[in-house]
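Residue numbers (the numbering used here), protein chains in the order written: chain W, 4 to 115; chain Z, 182 to 297.
In short, the hints are calculated from the structure, not lab data.
Please note: incorrect hints may appear among the correct ones.
[Stated by the list, open to error] Calculated lysine to any residue pairs in the SDA-like style (CA-CA distance at most 25 Å, straight line): (1) 230/Z x 5/W; (2) 223/Z x 289/Z; (3) 223/Z x 42/W; (4) 284/Z x 182/Z; (5) 230/Z x 191/Z; (6) 230/Z x 292/Z; (7) 60/W x 224/Z; (8) 223/Z x 115/W; (9) 223/Z x 111/W; (10) 230/Z x 33/W; (11) 284/Z x 23/W; (12) 16/W x 88/W; (13) 249/Z x 33/W; (14) 60/W x 289/Z; (15) 223/Z x 6/W; (16) 284/Z x 5/W; (17) 223/Z x 56/W; (18) 284/Z x 91/W; (19) 284/Z x 115/W; (20) 223/Z x 43/W; (21) 284/Z x 105/W; (22) 16/W x 47/W; (23) 250/Z x 218/Z.
[Unchecked claim] These stretches of chain Z come out as covered by chain W in the derived footprint (C-beta under 8 Å, 3 or more residues): (24) 226-233; (25) 284-290.
[As the list claims (entries may be wrong)] Partial pick of chain Z residues on the chain W-facing surface, computed with a CB cut under 8 Å: (26) 210; (27) 215; (28) 223.
Positions of the beta carbon are idealized from the N, C-alpha and C atoms, including for glycine.
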Amino acid sequence: KAGVTQTPRYLIKTRGQQVTLSCSPISGHRSVSWYQQTPGQGLQFLFEYFSETQRNKGNFPGRFSGRQFSNSRSEMNVSTLELGDSALYLCASAGDLNTEAFFGQGTRLTVV
Amino acid sequence: AQSVTQLDSHVSVSEGTPVLLRCNYSSSYSPSLFWYVQHPNKGLQLLLKYTSAATLVKGINGFEAEFKKSETSFHLTKPSAHMSDAAEYFCVVSDRYTGTASKLTFGTGTRLQVTL
Chain W
4 KAGVTQTPRY LIKTRGQQVT LSCSPISGHR SVSWYQQTPG QGLQFLFEYF
54 SETQRNKGNF PGRFSGRQFS NSRSEMNVST LELGDSALYL CASAGDLNTE
104 AFFGQGTRLT VV
Chain Z
182 AQSVTQLDSH VSVSEGTPVL LRCNYSSSYS PSLFWYVQHP NKGLQLLLKY
232 TSAATLVKGI NGFEAEFKKS ETSFHLTKPS AHMSDAAEYF CVVSDRYTGT
282 ASKLTFGTGT RLQVTL
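From just these sequences and the hints, can you work out the full model?
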């Protein structure tokens, strides 16, 4: 069974640009969550989608948005990039409300 | 609100000696607790989980953890460390009413170093 796949693995963007990250969950999983990992702030929850609806949201500005498609694949978008957005972005998928989350290898975003 | 505190940012042990990584939690509701491991340039791998069944939880690679409600602790242990155990370990809590896979709150991590 294939795991959680995140693309691309690495990205370099310029301040002010926007970026879209992609996450393909484990087959059959309907929940996809996104996390940001930085040395200063650690791992922080961004948002979660379940069956194409945003179900939970963390404390991030509106520049961070996401969506989920009918096949459960999810995208995360960050607009007007700032240097502080440089981070490892991790995606996790889960089967339903009360199972564990499985993480992808992440997308490392560098903003210059 | 929920939170976890990992009491040590860095732990160093010799190969073959026991490992103890400490975690205390705070949760308004019945918590679900997890330990995840992250090797360099890798994603997070689940080691074990507690979701209200047995308080002593066994995980992969010989790790186990004990849920102690009276002490609000969920320490991770392993009888004998291997070089391959060197990694960053995260204690994680979620609210079972929100969903155990949703809105995970991570500790700050403990870097485990294993020396010969």
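Here is what the structure says about each hint:
Between residue 230/Z and residue 5/W the CA atoms are separated by roughly 22 Å; this keeps the pair inside 25 Å, and the hint holds. With a C-alpha separation of about 17 Å, the suggested pair residue 223/Z and residue 289/Z falls inside the 25 Å cut-off, and the hint holds. Only pairs whose Cα atoms come within 25 Å are accepted, and residue 223/Z paired with residue 42/W is accepted, the gap being roughly 15 Å. With a C-alpha separation of about 11 Å, the suggested pairing of residue 284/Z with residue 182/Z holds against the 25 Å cut-off.
The hinted pair formed by residue 230/Z and residue 191/Z meets the criterion: a straight-line CA distance of about 22 Å does not exceed 25 Å. Of the supplied pair hints, the one linking residue 230/Z and residue 292/Z holds, its CA atoms being roughly 20 Å apart against a limit of 25 Å. A hinted pair counts as satisfied when its Cα atoms are at most 25 Å apart, and residue 60/W with residue 224/Z qualifies at roughly 21 Å. Our distance criterion of 25 Å between C-alpha atoms is met by residue 223/Z and residue 115/W, whose separation comes to about 23 Å.
For the suggested pair residue 223/Z and residue 111/W, the alpha carbons sit about 11 Å apart, so the restraint of at most 25 Å is met. Proximity of residue 230/Z to residue 33/W is assessed by CA-CA distance (about 20 Å); at most 25 Å being required, the pair is judged to hold. With a C-alpha separation of about 21 Å, the suggested pairing of residue 284/Z with residue 23/W holds against the 25 Å cut-off. Among the hinted pairs, residue 16/W with residue 88/W is consistent with the structure: their alpha-carbon atoms are about 10 Å apart, no more than 25 Å.
A distance of roughly 32 Å separates the Cα atoms of residue 249/Z and residue 33/W; the hinted pair therefore is violated under the 25 Å criterion. For the hint linking residue 60/W to residue 289/Z, the alpha-carbon distance of about 20 Å falls within 25 Å, and the restraint holds. This hinted pair checks out: residue 223/Z and residue 6/W have alpha carbons roughly 13 Å apart, not beyond 25 Å. Among the hinted pairs, residue 284/Z with residue 5/W is consistent with the structure: their alpha-carbon atoms are about 24 Å apart, no more than 25 Å.
Restraint check for residue 223/Z and residue 56/W: not satisfied, since their Cα atoms lie roughly 28 Å apart, outside the 25 Å limit. Our distance criterion of 25 Å between C-alpha atoms is met by residue 284/Z and residue 91/W, whose separation comes to about 17 Å. Restraint check: the Cα-Cα separation between residue 284/Z and residue 115/W comes to about 30 Å, which exceeds 25 Å; the hinted pair is violated. At most 25 Å may separate the alpha-carbon atoms for a hinted pair to count; residue 223/Z and residue 43/W meet this at roughly 19 Å.
Between the alpha carbons of residue 284/Z and residue 105/W the distance comes to roughly 13 Å, so the proposed pair stays at or under 25 Å and holds. At roughly 21 Å between alpha-carbon atoms, residue 16/W and residue 47/W fall within 25 Å of each other, so this suggested pair holds. Of the pairs offered as hints, the one joining residue 250/Z and residue 218/Z holds, with about 23 Å between alpha carbons and a cut-off of 25 Å not exceeded. Under the rule that three or more residues need a Cβ within less than 8 Å of chain W, the assignment of the region 226-233 of chain Z holds, with 4 such residues.
Coverage of a stretch by a chain is defined here by at least three residues with a beta carbon nearer than 8 Å to that chain's beta carbons; for the region 284-290 of chain Z and chain W the count is 7, and the condition holds. A least Cβ separation of about 13 Å between residue 210/Z and chain W goes past the 8 Å threshold, and the interface hint is therefore violated. With its C-beta approaching chain W no nearer than about 7 Å, residue 215/Z sits inside the 8 Å limit, and its interface hint holds. Hint status for residue 223/Z relative to chain W: holds, with the closest Cβ pair at about 6 Å, below 8 Å.
Hints 13, 17, 19, 26 from the earlier list are contradicted by this structure; the remaining hints agree with it.
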